[in-house]
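**Student:** Here is how the chains run, residue by residue.
There are 2 protein chains.
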Amino acid sequence: MDNRPIGFLDSGVGGLTVVKELIRQLPQEEVVYIGDSARAPYGPRSAEQIRDFTWDLVRFLLTKDVKMIVIACNTATAVVWEDIKAKLDIPVIGVILPGASAAIQTNQGGKIGVIGTPMTIQSDIYREKIQLLSPQTEVMSLSCPRFAPLVESNEISSNLARQVVYESLIPMIDQGVDTLVLGCTHYPLLRPLIQEAVGDGVSLIDSGAECIRDVSVLLNYFQLNRSWQEGEPNHRFYTTASAKIFKEIAENWLKIEINVEHVDL
Amino acid sequence: MDNRPIGFLDSGVGGLTVVKELIRQLPQEEVVYIGDSARAPYGPRSAEQIRDFTWDLVRFLLTKDVKMIVIACNTATAVVWEDIKAKLDIPVIGVILPGASAAIQTNQGGKIGVIGTPMTIQSDIYREKIQLLSPQTEVMSLSCPRFAPLVESNEISSNLARQVVYESLIPMIDQGVDTLVLGCTHYPLLRPLIQEAVGDGVSLIDSGAECIRDVSVLLNYFQLNRSWQEGEPNHRFYTTASAKIFKEIAENWLKIEINVEHVDL
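The listed protein sequences derive, respectively, from chains A and B. Residue numbers for the first sequence follow the working numbering, so the first one is 94 and each next one is one higher. Residue numbers for the second sequence follow the working numbering, so the first one is 94 and each next one is one higher.
Since the hints were derived computationally from the structure, they do not count as laboratory data. Please note that the accuracy of each hint is not assured.
Treat identical chains as interchangeable: a pair holds within one or across any two.
List of simulated lysine-lysine pairs, BS3-like, C-alpha gap at most 30 Å [what the hints assert, rightly or not]:
1. K348 <-> K204
2. K160 <-> K222
3. K340 <-> K157
4. K222 <-> K157
5. K178 <-> K222
6. K204 <-> K157
7. K180 <-> K160
8. K178 <-> K160
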């Protein structure tokens with residue numbers, strides 16, 4: 094057993110969708126979260142910047158004595174997961190392989206859609222991972238640069254949001270895709286609008302939620318589970334931007350009261 | 094990617110229930126299986142013997158250049174998983190933690206039943222693992238020494254089998270258990286009879302099938318997936334007893350044609 098917290102990092106508030114799933118599936122685990130909203134979105138940035146920023150977040154989490162790190166951001170996973178995993182001596186989990194595996198398991202018709210930030214789509218990492226396991230599967234990728242900024246500004250159910258989501262997803266409609274990977278952890282906050290745009294016949298894969306299965310398996314494998322005997326978990330959230338806005342989005346999404354602190358990295 | 098096979102070991106034919114789930118979930122992976130039917134069942138043996146026999150099987154699998162070992166036997170997992178995992182430099186997966194985690198997730202009423210071999214039940218390992226994660230959950234354990242021998246003799250749907258299963262499970266009936274862990278990989282072959290005995294209101298947890306989720310996650314985590322580009326997998330099965338009987342049970346269960354070789358360890 095290991096009673097230290099699990100560290101989560103994201104470019105902003107998107108990783109909260111991953112934390113929500115952790116709290117549901119592994120309620121005894123404790124979270125330390127850092128969101129880099131001051132520098133969000135990461136998607137349109139250079140690989141070099143994404144690498145540097147993500148390492149800033151990793152170094153911050155290491156000061157909190159975490160037992161495991163979840164890179165709860167597809168863009169950061171695409172660019173720097175393997176590097177971080179190789180350099181740390183604690184397990185480091187990304188969101189892309191879990192999302193790709195779940196998509197293959199769900200897909201029936203041989204064609205999977207992937208939406209994500211410009212960097213994630215440009216890296217073509219979902220196609221690569223999906224086709225290694227299932228070469229005959231077709232992958233249709235679409236960059237949605239306007240989605241993460243909507244979520245960061247807590248604009249998730251307005252008419253503007255509905256319009257942006259619908260317009261952005263037009264190229265994905267009627268293309269024979271029956272499985273759509275939400276390849277950015279911000280997107281589950283827009284899930285109702287995305288489902289409405291693509292129709293009920295399309296199964297949405299939440300890459301972040303899928304990665305919690307991996308967290309659970311790796312906690313078992315490395316024998317790192319937190320014991321309930323330690324009492325209720327005391328989650329801690331940090332943001333590089335406004336603690337007030339972060340708290341508003343987070344409490345609305347997680348349905349629990351939390352403490353948020355601003356930090357400068 | 095790593096195109097080497099995954100090694101499976103069991104006291105006999107029970108691990109085939111785990112292989113079946115692997116073939117369903119991860120059809121591109123290749124299997125090398127060793128079943129020690131000549132010395133089955135392991136359940137009533139001493140810990141020392143189980144340890145020695147299991148290491149014999151591990152050494153055999155290592156000669157086949159496996160990339161990962163699945164201890165597809167609850168008894169062997171209970172006694173020697175941690176030791177083998179610590180000594181090998183490839184991932185080693187047992188069936189008990191996956192079964193315990195799945196049972197906690199499924200359980201609603203706060204009381205989980207566990208059935209297994211005498212050694213597994215005597216080790217009390219399911220209770221220990223379940224209560225570490227969920228201390229308030231009650232665990233009711235029952236040793237079923239006659240089940241594995243029934244399966245080893247391919248007696249899985251006869252009237253005798255029905256009678257043995259029903260009589261053995263009487264202490265588990267009407268005890269408020271809504272989740273029952275099949276804590277021996279032989280037991281899924283008796284699943285219809287077990288379900289009939291305990292009633293439809295009880296969810297059965299197949300510890301072996303659950304462990305394939307762990308295999309999938311660890312293949313991803315350690316980047317050991319087999320590529321489809323290598324062509325169809327060529328599974329290989331070995332038994333320390335009669336190849337003919339093993340083949341009969343295995344083909345009936347897996348619904349594929351396989352090659353079985355007898356080996357002396």
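**Student:** Now tell me if each hint is right for this structure.
**Tutor:** Here is how each hint holds up against the structure:
no., hint, in the structure
1, K348 <-> K204, "between (35 Å within a copy, 28 Å between copies)"
2, K160 <-> K222, "both (27 Å within a copy, 20 Å between copies)"
3, K340 <-> K157, "within (20 Å within a copy, 55 Å between copies)"
4, K222 <-> K157, "between (32 Å within a copy, 27 Å between copies)"
5, K178 <-> K222, "both (17 Å within a copy, 28 Å between copies)"
6, K204 <-> K157, "neither (42 Å within a copy, 36 Å between copies)"
7, K180 <-> K160, "both (14 Å within a copy, 23 Å between copies)"
8, K178 <-> K160, "both (13 Å within a copy, 20 Å between copies)"
In terms of the numbered hints stated before, the structure departs from hint 6 and from no other.
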